[in-house]
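Please dock the two separately framed chains into a single complex, following the hints provided.
Each chain, written out:
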Amino acid sequence: MARAAAFVLILGLMLMMRNAVAADSIAGFRTIGLALGFALVAATLLGALAERVRLPRLSGYLVFGLICGPYLLNLLTPIMARQLQIVNGLAIALIALIAGLEINLSRMKDRLPPILAFAGVTIAIMFAGLFTIFLFGWRWLPIAPDAAGVERLAIAAVLTTLVVSFSPTVTIAVIAEARARGRLSELVLSVVVLADLALILFFTLAMQLARSASTAGAGEEAGLLARLLWEIPGSISYGALLGAVFALYLRFVGRELSVVLIGLCVLITATSEWLHFEALLVALTAGLVVENIAPPRGDELRDAIERSALPVLVIFFVAAGASLHLDALAVIGPVAVGISVLRLFWIRAGTFVGRRIARLYHPTSASAWRGLVSQAGVTLGLTTIVAAEFTGWGSNVQTLMVAMIAIHEVVGPMLFRTALASAGEIGGLDKANVR
Amino acid sequence: MTRTESRRRNWISPRRVALGLTAHAAPSIIFVIAGIVLGPQLLNVVSVDLLAQLDPVISLALAILGVFIGSGLVAAGSGENRRWVIGAAIQALTAVASVAVAMYLLLNQWALPLPVGPVAAAFILGIGSAASAAVRIDRKDLPHLIGATHLADFDDIAVVLLAAIAVPILAGASSPAMTIALGLVSGLIIAGAGFLLFSRAHSPSERGVFVIGTVVLLAGAAAYISGSPLFTGCVAGFFWARRRTPSSSLVESELQKLQHPLVAVLLIIAGASIQFSRALLWVTAPLVLLRMNGKLLGGLILARWLNLPSSLLATILIPPGVLGIAVVLNAQQVMGTGDTLLVSAITIATVVSEIFAPGIWMDEDDN
Numbered sequence: 001m002a003r004a005a006a007f008v009l010i011l012g013l014m015l016m017m018r019n020a021v022a023a024d025s026i027a028g029f030r031t032i033g034l035a036l037g038f039a040l041v042a043a044t045l046l047g048a049l050a051e052r053v054r055l056p057r058l059s060g061y062l063v064f065g066l067i068c069g070p071y072l073l074n075l076l077t078p079i080m081a082r083q084l085q086i087v088n089g090l091a092i093a094l095i096a097l098i099a100g101l102e103i104n105l106s107r108m109k110d111r112l113p114p115i116l117a118f119a120g121v122t123i124a125i126m127f128a129g130l131f132t133i134f135l136f137g138w139r140w141l142p143i144a145p146d147a148a149g150v151e152r153l154a155i156a157a158v159l160t161t162l163v164v165s166f167s168p169t170v171t172i173a174v175i176a177e178a179r180a181r182g183r184l185s186e187l188v189l190s191v192v193v194l195a196d197l198a199l200i201l202f203f204t205l206a207m208q209l210a211r212s213a214s215t216a217g218a219g220e221e222a223g224l225l226a227r228l229l230w231e232i233p234g235s236i237s238y239g240a241l242l243g244a245v246f247a248l249y250l251r252f253v254g255r256e257l258s259v260v261l262i263g264l265c266v267l268i269t270a271t272s273e274w275l276h277f278e279a280l281l282v283a284l285t286a287g288l289v290v291e292n293i294a295p296p297r298g299d300e301l302r303d304a305i306e307r308s309a310l311p312v313l314v315i316f317f318v319a320a321g322a323s324l325h326l327d328a329l330a331v332i333g334p335v336a337v338g339i340s341v342l343r344l345f346w347i348r349a350g351t352f353v354g355r356r357i358a359r360l361y362h363p364t365s366a367s368a369w370r371g372l373v374s375q376a377g378v379t380l381g382l383t384t385i386v387a388a389e390f391t392g393w394g395s396n397v398q399t400l401m402v403a404m405i406a407i408h409e410v411v412g413p414m415l416f417r418t419a420l421a422s423a424g425e426i427g428g429l430d431k432a433n434v435r
Numbered sequence: 001m002t003r004t005e006s007r008r009r010n011w012i013s014p015r016r017v018a019l020g021l022t023a024h025a026a027p028s029i030i031f032v033i034a035g036i037v038l039g040p041q042l043l044n045v046v047s048v049d050l051l052a053q054l055d056p057v058i059s060l061a062l063a064i065l066g067v068f069i070g071s072g073l074v075a076a077g078s079g080e081n082r083r084w085v086i087g088a089a090i091q092a093l094t095a096v097a098s099v100a101v102a103m104y105l106l107l108n109q110w111a112l113p114l115p116v117g118p119v120a121a122a123f124i125l126g127i128g129s130a131a132s133a134a135v136r137i138d139r140k141d142l143p144h145l146i147g148a149t150h151l152a153d154f155d156d157i158a159v160v161l162l163a164a165i166a167v168p169i170l171a172g173a174s175s176p177a178m179t180i181a182l183g184l185v186s187g188l189i190i191a192g193a194g195f196l197l198f199s200r201a202h203s204p205s206e207r208g209v210f211v212i213g214t215v216v217l218l219a220g221a222a223a224y225i226s227g228s229p230l231f232t233g234c235v236a237g238f239f240w241a242r243r244r245t246p247s248s249s250l251v252e253s254e255l256q257k258l259q260h261p262l263v264a265v266l267l268i269i270a271g272a273s274i275q276f277s278r279a280l281l282w283v284t285a286p287l288v289l290l291r292m293n294g295k296l297l298g299g300l301i302l303a304r305w306l307n308l309p310s311s312l313l314a315t316i317l318i319p320p321g322v323l324g325i326a327v328v329l330n331a332q333q334v335m336g337t338g339d340t341l342l343v344s345a346i347t348i349a350t351v352v353s354e355i356f357a358p359g360i361w362m363d364e365d366d367n
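Chains as they are written, first to last, in the numbering used here: chain R, 1 to 435; chain D, 1 to 367.
Calculated from the structure, these hints are not laboratory results. A virtual CB, placed ideally from N, CA and C, is assigned to each residue, including glycine. The reader is advised that the hints may include incorrect statements.
To be verified - Derived list of chain R stretches under chain D, where covered just means 3 residues or more per stretch with a C-beta under 8 Å from a C-beta of chain D:
{"hint": "1", "region": "10-19"}
{"hint": "2", "region": "310-323"}
What the hints assert, rightly or not - Computed beta-carbon distance windows for the label pairs:
{"hint": "3", "chain 1": "D", "residue 1": "L42", "chain 2": "R", "residue 2": "A240", "range": "32 to 38 Å"}
{"hint": "4", "chain 1": "D", "residue 1": "A34", "chain 2": "R", "residue 2": "W274", "range": "42 to 48 Å"}
{"hint": "5", "chain 1": "D", "residue 1": "A111", "chain 2": "R", "residue 2": "V259", "range": "24 to 30 Å"}
{"hint": "6", "chain 1": "R", "residue 1": "H276", "chain 2": "D", "residue 2": "I355", "range": "30 to 36 Å"}
{"hint": "7", "chain 1": "R", "residue 1": "V8", "chain 2": "D", "residue 2": "S174", "range": "27 to 33 Å"}
For reference, chain D alone in the conformation it holds in the complex (with noise of 0.2 Å):
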């Protein structure tokens, strides 16, 4: 591969930001700068009133996150992904791990002031810093391309379960695991409902509603028992993929206007939430780090069980995904607290380790 076709594929080639998903080619920075200026920093369009009216629409992009999400899953859960979904899910872990550990290290030494424990906000930073995004392939790309795609693409699985264990810890309830469980039950529910009535509607208008109506209700019921939208989203995808009836494809169709829109505002809401502190520039800095070297830890692991080369999984690991900002503020959502640190970090470290990837990638074809 050329310098120039390595640049392209990281600048321009198209993303996805979540697994099951339609790429785009729209960088992040764009969307969380526009935050910035319109947020309660500078023009104050989106003002804090409006950003906490906006806490259903977080919600609402979680669950269609998720539906996308499970819906990949049926797609990779055929034999021959197997060890591509188990590779993701120990790269993952070790990102979550060395990022959580290092920073829990970090914040008890250093005493910043912290919206939640030391201990929460390391593992909230370890959740938010697993996801990668992976670039679209071609059926004719190299299979060692295709390979360490896939590793990017289904590490939202350790993403998605990770989220449903933490939202309910975060949210206080009073038993966690009861939670999980409602939310697995709400989502197997709502999806048998959307299976009889998506393709028994009388009129596409109608069918909308069910579509949006389910979705909603996905997101709502999550919200209510202080679960994970994300989590329940996935398991209803999962069951209309699995079933392999019209619903999934309904459901993709009506939604799939919808994804980018909300990938955009929930960079947005990320980007208006952004509080500039010491105490960030604190956090931020060790983060984009200590994700960095999570990753590349994964790669290193994974890099030889699965006979690729790590500088490859490296660079193919390193870019972004934006569900980690939206897992953050899912957490800040159900911790109820005005300091948005935790997401003003996350948020920076994304934007500032998709600006590193394409410096990465033109140093390893430069070796």
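Just chain R, same shape as in the assembly (with noise of 0.2 Å):
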């Protein structure tokens, strides 16, 4: 009762604020403390209520942020919602290295082969069934129907990738937020991080082929190669770097974790741009670096990342939801819809096939295929990409991804922790840590 009447109280105050002063009028930095405010007291309390009806916290943030975001309420304005997304980069690393931090490689070495078999087979057959219905089902793509031939084939390479492609962020925060730990989370994870690395190799060759199909930027494969060649193992042994420094910092000092924590983050943000690294690859291998090499000893690190991590949590996923594309929704929602359904249809087919193959007969892993469902940020990077060097189809690949990232953003997380709810794993790293 007490946490409702807190709720109005501040919803009033911005709808009071809201009516006081315009917000297009007033300078940016007038805008964004109260949209931070806001959005991390309010989203807090949804985020509890959504708990309370055992969905994930952050499907609360993402509501709320959808709710009260542009397009529906619009007490946070695009600028606002502009704003908040100051966090991304650090929310990413930081979720990132929280789940590098979780995967302890002696404990899975048994798994590993058959986990690698799982992702290998579902990726693959996601891809190739995918793949084969945009081509047979072109005309009816609002795409570029007039395509064909290699274009037509490298088109439908690019869109495949980006339909098949899963999020991360999207189910590190979920089983980092449900503090699960468990068979079915240790390989949702896997999957999804060897999706990610795989997808950044499918898709720069898609964008090449599209590239050639329209020879647009004929002659860039050397420079597209050394960019790979830099990127993925300049990531893992930047990433390798910073994990053994952040190891010898808990060692030796140990202290002001909750900053260190955080100044790391920033540290993998800023430079990873400026290195043109993957900072969600930097992050994960330096989490992996501490947990494998270094494991922390003492509840300091935990606390640390407990402290740290809810607010950037609440804030990025707040601001995810504000900039959900309704519009999109509505102008290409049927077709976006259908080709959901589709995705999911060879999600399941591709899990059911997995399973079989890399002999996964515990039968946690029959609810993999719901903890693939989500697509955020990194797609949504990707399909920015696609927009920008391809003005004609690459804007009609973007409005039909935006639109299904809407949907996929928020029936993912709430598909997954279902999952790990069935599976008996919410808590699981609490019960861990007891033992």
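Next up, the structure:
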């Protein structure tokens, strides 16, 4: 009751503010504090409510952003929604670092080969299935109906790569927030991380094919290959270096961990962009190095992560919810829903076959498909690249993908959370720590 | 008191930069110099663009200072402290008036290039000069010293109220009175929400989010309506402390960790904002003297009424508070001008006054 009253007070304040002053008429720094404070307090309350009805907290944050965002109540204006994205880089690095810290390779040693096989088969089946459907159903897709031959193949390859992609950020965030540990969490986490690596490769190749077909960027093959060779091994090496330094800090200093943790994530975000590395991979590797080479003793790091992660996650997912393009969904909704259903079918088919080939007979692995539905930032980022480079069909792909992301970002976390609950893995991390 | 003891009290004894805050020993000059070195004038690590992005940090720091001042105000509100509160208001207003009037006459006469009109500039410089930093006192200290320290502490209340009036006017609000009223109502609403939430959080991390979110909201609401975050924070801090519930101590324990880093950041921003020019010299030199004059005048007025030695009052009131710099940074924000003459002048005047303070103390001893 007290929480509901507090929520009403904060909502009332926001309405009062928005009525008193028109947000469009004021300078940037004057709106960011209001947006951040409103999101932090009110979305945390809605997240707690979501948890009470057995949904992920982050679905509460997302729905809050969606309802209060520019397309519905407009309490968070388009400018505010953009300002909230200030934490995006930090959040992605922090989430990946947490994921790395949760992966203990010696514990997973025996299960690693079947997990790799499962991931490979699932991704391959999804890719093959969706690619075939797109080729055969090309005339019904609102992308480039007139494209034929190699161009159609190239565009279909780009589209398939984007549709197949998952969201490591959302997956890791659901696991971290539910404090889940177990076979299902490990399996889904491994698949989305491996898929993310494969996606970068596929996307680069598909884009190259598209460029060749349209002759937009001929002669860039060497540059692309060099970029790929720099980006993946470079990210891993840089992450390992940062992880080693952080492990040394934990061992020999171990003070002000919340500040150092946030500082590390800011460093990863800022320097990765500058060095053209992938921040997610850098942070994941850093976490892996800490956990597997010099695991922290005691609860200090865990407490620091809990303190630092919550506000960052709240803002990150409110920003994501507020920037979901409901207008795109309205324009291209039926097609987006149709492709979402097809994607879901191929996820199920892929995991079904993958389980058999990888001989994953544990019953929890049957729910793995529910962890692979989410799509978010990575897909959106790649979609933006496509739209920027290919102004014609690229914009159509962007509209379609943005609408699909809106669906998957809301539905995905809910499905995954129910799967974790069915597998009895929610709170598993706390139980492991108690033991 | 021996000469050595007095020197120690001034240079090493920790000072409170505002009412309700814990004392700290690091002199402002260190952070201001760090700001100058890192700022656009030298290394450009804190560039002009970065300074613009740090605007919300200024609002947040002011709101947090406000919460502590509001909380300290409740502690000061007991009957026995009333005359110290009134006395502090008199000395602060005397300093504001004497600095503002004299600076207006000088600025008008010299016709220097100013970011705002001479009346507004003189008023901002007056408010920025009003705050004093109180030395930390013990129960065993002399009653005269304790009383004088209260005067240095409680003058922040006048600064908060003057800032609440000045900021909307400087921002060009269509109705400054309405903005002040909105600031008051926002502070109360946010305080009410915080009161309902802090002690009912499900975990320490959730409580941390509520406290930080509430304080960010205090800063954000004030900035949004072009009001003073210091005032909005003060209203909320007063509400929480007045209710005598765990909320107040929960907020203070969460914010305690932030207060000194935020003060350091404010001083670094102020240092980085300094733009050296001939006009700066012309404004700062008289400002230091006029501030000192205003504080001495305030001390003289109060000495007879409060039965305190005027020399003691002068030496306690002259060390400047960082609150003055914070208020002028806020004024700079809402004016939206790239000319930082007023912030530069107040920052340098604060540092110079801080350096002068022990010399005056020693003179008192020598006499």
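Now for the hints, and whether the structure bears them out:
Check on the region 10-19 of chain R: 5 of its residues sit with their Cβ under 8 Å from a Cβ of chain D, so the three-residue criterion for coverage holds. Here's how the region 310-323 of chain R fares: 3 of its residues keep a CB closer than 8 Å to some CB of chain D, so the rule of at least three is met and the hint holds. At roughly 36 Å, the beta-carbon separation of D/L42 and R/A240 lies within the given 32 to 38 Å, and the hint holds. At roughly 25 Å, the beta-carbon separation of D/A34 and R/W274 lies outside the given 42 to 48 Å, and the hint is violated.
Range check, D/A111 to R/V259: about 48 Å between beta-carbon atoms, so the 24 to 30 Å window is missed. Remark: the range hint 30 to 36 Å for R/H276 to D/I355 is contradicted by a beta-carbon distance near 48 Å. A C-beta distance of roughly 29 Å is found between R/V8 and D/S174, which places it inside the suggested range of 27 to 33 Å.
Checked against the numbered hints listed earlier, the structure breaks hints 4, 5 and 6; every other hint is satisfied.
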